[in-house]
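Colleague: Assemble the whole structure, with the sequences as input and the hints as a guide.
So the sequence lines, in the order shown, correspond to chains A and B. Quick note on numbering: my numbering labels position 28 of the first sequence as 33, and the sequence is numbered without any gaps. Quick note on numbering: my numbering labels position 206 of the second sequence as 209, and the sequence is numbered without any gaps.
It is worth saying that the hints were derived from the structure and are not from the lab. Remember, predicted model here, so these are calculated numbers, not experimental data. Every residue, glycine too, gets a C-beta built ideally from N, C-alpha and C. Worth double-checking, as some hints may not be accurate.
Quick list of in silico lysine-lysine cross-link-like pairs, DSS-like style, CA-CA up to 25 Å [said to hold, decoys possible]:
| no. | chain 1 | residue 1 | chain 2 | residue 2 |
| --- | --- | --- | --- | --- |
| 1 | A | Lys279 | A | Lys316 |
| 2 | A | Lys105 | B | Lys110 |
| 3 | A | Lys316 | A | Lys173 |
| 4 | A | Lys107 | A | Lys95 |
| 5 | A | Lys173 | A | Lys124 |
| 6 | A | Lys228 | A | Lys279 |
| 7 | B | Lys110 | A | Lys18 |
| 8 | A | Lys95 | B | Lys199 |
| 9 | A | Lys105 | A | Lys124 |
Residues of chain B clear of chain A, computed beta-carbon distances all greater than 12 Å [as the list claims (entries may be wrong)]:
| no. | residue |
| --- | --- |
| 10 | Ala20 |
| 11 | Asp46 |
| 12 | Pro62 |
| 13 | Glu106 |
| 14 | Gly140 |
| 15 | Ile171 |
To be clear about the criterion: a stretch of chain A counts as covered by chain B if any three or more of its residues have a C-beta under 8 Å from a C-beta of chain B, and this derived list gives those stretches [said to hold, decoys possible]:
| no. | region |
| --- | --- |
| 16 | 63-77 |
| 17 | 103-114 |
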Amino acid sequence: MIRIENLRKEFDKGVVALDSINLTFDEGSFIALLGPSGCGKTTTLNCIAGLLEPTSGSIYFDDRDVTNLAPKDRNIGMVFQSYALYPHMKVIDNIAFSLKQKGMPKAERHEKARQMARKLQIEHLLDRMPGELSGGQQQRVSMARALVKEPQVLLLDEPMSNLDARLKIEIRDEIRRIQQDLGVTSIIVTHDQEEAMAMADKIAILDNGRIQQFDTPEMLYHKPANLFVAHFMGNPPMNFIDASVEEEDGTLWLRGGSFRVKAPAAMAEKLAGKAGQAVVIGVRSHQMNVLLAPAEETMELHLSLVENLGKDIMISGDLDDALVRVTIPANFEGSYEQLRELRRQGGSVYLKLHEDYNIFDRESGVNLLI
Amino acid sequence: MKYSQRPKYERRNETIAVLVMILLCIPVLFIYFSFFANAFILDSTGELTLQNFQFLYQPIQLSQYTVEPIGKAFRNTVIFTAIATTLEVTISCMAGYALARMEFTGKRVISFSLLTLRLFPGVLLLIGVLYVLLHLGILNTLTGVIVVAIALRLPGSTFIIRNFFAGIPQDIENSALVDGCNRLTAFFQVIIHMVKPGLASISIFAFMSAWSNYLLFNVLIFNTKTPVLATYLRVLSRNDQMIADYGVFAAMAMVYMLPVLIFFFISQRQLMQGTISGGKGI
Numbered sequence: 006m007i008r009i010e011n012l013r014k015e016f017d018k019g020v021v022a023l024d025s026i027n028l029t030f031d032e033g034s035f036i037a038l039l040g041p042s043g044c045g046k047t048t049t050l051n052c053i054a055g056l057l058e059p060t061s062g063s064i065y066f067d068d069r070d071v072t073n074l075a076p077k078d079r080n081i082g083m084v085f086q087s088y089a090l091y092p093h094m095k096v097i098d099n100i101a102f103s104l105k106q107k108g109m110p111k112a113e114r115h116e117k118a119r120q121m122a123r124k125l126q127i128e129h130l131l132d133r134m135p136g137e138l139s140g141g142q143q144q145r146v147s148m149a150r151a152l153v154k155e156p157q158v159l160l161l162d163e164p165m166s167n168l169d170a171r172l173k174i175e176i177r178d179e180i181r182r183i184q185q186d187l188g189v190t191s192i193i194v195t196h197d198q199e200e201a202m203a204m205a206d207k208i209a210i211l212d213n214g215r216i217q218q219f220d221t222p223e224m225l226y227h228k229p230a231n232l233f234v235a236h237f238m239g240n241p242p243m244n245f246i247d248a249s250v251e252e253e254d255g256t257l258w259l260r261g262g263s264f265r266v267k268a269p270a271a272m273a274e275k276l277a278g279k280a281g282q283a284v285v286i287g288v289r290s291h292q293m294n295v296l297l298a299p300a301e302e303t304m305e306l307h308l309s310l311v312e313n314l315g316k317d318i319m320i321s322g323d324l325d326d327a328l329v330r331v332t333i334p335a336n337f338e339g340s341y342e343q344l345r346e347l348r349r350q351g352g353s354v355y356l357k358l359h360e361d362y363n364i365f366d367r368e369s370g371v372n373l374l375i
Numbered sequence: 004m005k006y007s008q009r010p011k012y013e014r015r016n017e018t019i020a021v022l023v024m025i026l027l028c029i030p031v032l033f034i035y036f037s038f039f040a041n042a043f044i045l046d047s048t049g050e051l052t053l054q055n056f057q058f059l060y061q062p063i064q065l066s067q068y069t070v071e072p073i074g075k076a077f078r079n080t081v082i083f084t085a086i087a088t089t090l091e092v093t094i095s096c097m098a099g100y101a102l103a104r105m106e107f108t109g110k111r112v113i114s115f116s117l118l119t120l121r122l123f124p125g126v127l128l129l130i131g132v133l134y135v136l137l138h139l140g141i142l143n144t145l146t147g148v149i150v151v152a153i154a155l156r157l158p159g160s161t162f163i164i165r166n167f168f169a170g171i172p173q174d175i176e177n178s179a180l181v182d183g184c185n186r187l188t189a190f191f192q193v194i195i196h197m198v199k200p201g202l203a204s205i206s207i208f209a210f211m212s213a214w215s216n217y218l219l220f221n222v223l224i225f226n227t228k229t230p231v232l233a234t235y236l237r238v239l240s241r242n243d244q245m246i247a248d249y250g251v252f253a254a255m256a257m258v259y260m261l262p263v264l265i266f267f268f269i270s271q272r273q274l275m276q277g278t279i280s281g282g283k284g285i
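Modeller: In structure tokens, the structure reads:
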């Protein structure tokens, strides 16, 4: 288990990179630190590794306070973005390097390195130099090197950002498999939300040096805590439509510039007493039905683009001032050609919201439904 | 396209280039020719001889002057070169690493003055240096010259090696720290291997400059008790000799030149690698 308490890091000239970070990671879990560049995720990782000294706050591994320990005394394994293999050593010596530092005899540490290499299917590369390996192979060597010392914590600093898309998927499955085999608590830093969603048990989303939300991938996707998380998670991005809450005869309505929809019963409870408040409706592209004719409680979308994505059709257009993207499933009443024709004529379609969208406070950005 | 099928205009340009090169080489070749001729061919008879190399093992008589055998001067030069090169490389390595990787007050000032110091010719400082050595009581000694020689060269080599250290990715050093090293063991087990081309360049330059140092010995040592090769050669060209024996002179120069030449050919590959790559990490 890893516990981070009130971590704060300031750099020279008063730049605050991290502020009041509080996180607890369960034993054996796989955690992702996710955020745009410059959000402080790598800084957090380096503080956990001991490569950076936090300005204040503490870090515990189980109940051991490691805040002021040198990296070598923390029992961690780390995989770097650039792999950081030692270029003057053979692969086997690279892997066994940390065991050598512990004073393990050569035969024994080479045996251990060989075992770890077998797990990662790089046994045939052991006698090569790092410069002779491809990117994916270097990545595996770097994993083996981090794992061979049986670390308490495995830290991965954007380990896949230098690989091509196909290899990325292969390697990320492999990392996940090995992590589960060994049961080592792992923390991965990434800016790729898809990667984080696929690998991690829980994801911490950072922005401006603060945790925005720390939750399971499902919760982040379906119930984002605020507008930042909602913007950040999901592809295509969530649609945001300005509206305000309105109460009429005990019924809650959401009114926008050109529409008025009834808030579903589950939502109405949370929105009670918020009449008059400016809100943002956050709706994912698949959380709406597309109709070709206006109906009750629909929103008019002026078509500007119709794309065929193979599996489904994506249309985008203007709804009030917002750009809205909608994915249309195969069982749609019209056809792709029909929509293309409609767009050419500058026509509109009509959107009917499902009941699982989110509503955010426009001012604070907080999700009003949780 | 095969090389033999290259277009005509290229062949013509090539011919011109070769001709120009030959022309430019002639004077240089002539100098080398007369150098070897002086050393190996006896003026009076015109036959091949090793007579000019007698100074290697016995005193020789040139008009009224006796020249001691070269042994002592050679030994002094070797000692001087070995100490100066070792110290220069060691110190500039440590300083370069500190400047590239550590944070401390005065770092900017030091880095800047390294460059500034390189702007001045060392000769300018010699008058001051003379008084400092006099004050310390090491004027006229080999120790004094070693101290000054290293001091004058440190800024340059520190600056070069600093750039090599700065070129090493931070990740590699961090990786070594995570893998159980402290700064010192990381330096010797990982970092030093990655600046090998840089080490080669500063070692070679340090060696060559120490071996061929003439100025400092000429200015800071005025007795004949501690001869080095540079001052040993000077004996022949002294004013009171008037007419120098160029045969012996050339032979001595050849002995003087030989170690540098050998050292250069051995380390040439690394030197080129170092100067071309300019401290690329991997």
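Colleague: Hint by hint, note whether the structure agrees.
Modeller: Status of the hints after comparison with the structure:
1. A/Lys279 - A/Lys316: Not OK: A/Lys279 and A/Lys316 at ~40 Å, beyond 25 Å, violated.
2. A/Lys105 - B/Lys110: violated (34 Å)
3. A/Lys316 - A/Lys173: holds (23 Å)
4. A/Lys107 - A/Lys95: holds (19 Å)
5. A/Lys173 - A/Lys124: holds (18 Å)
6. A/Lys228 - A/Lys279: holds (20 Å)
7. B/Lys110 - A/Lys18: holds (17 Å)
8. A/Lys95 - B/Lys199: Given that 25 Å is the threshold and the Cα spacing comes to 17 Å, the pair holds.
9. A/Lys105 - A/Lys124: holds (20 Å)
10. Ala20: Non-interface label on B/Ala20 holds, nearest chain A Cβ at 36 Å vs cutoff 12 Å.
11. Asp46: holds (55 Å)
12. Pro62: Per Cβ check, B/Pro62 is outside 12 Å of chain A; nearest 51 Å; holds.
13. Glu106: For B/Glu106, whose nearest Cβ neighbour in chain A is about 9 Å away, the distance does not exceed 12 Å, so it is violated.
14. Gly140: holds (45 Å)
15. Ile171: Its Cβ does come within 12 Å of chain A, the nearest being 10 Å, so this is violated.
16. 63-77: Check passed, 3 qualifying residues.
17. 103-114: holds (count 3)
When held up to the earlier numbered hints, the structure conflicts with 1, 2, 13 and 15 and fits the remainder.
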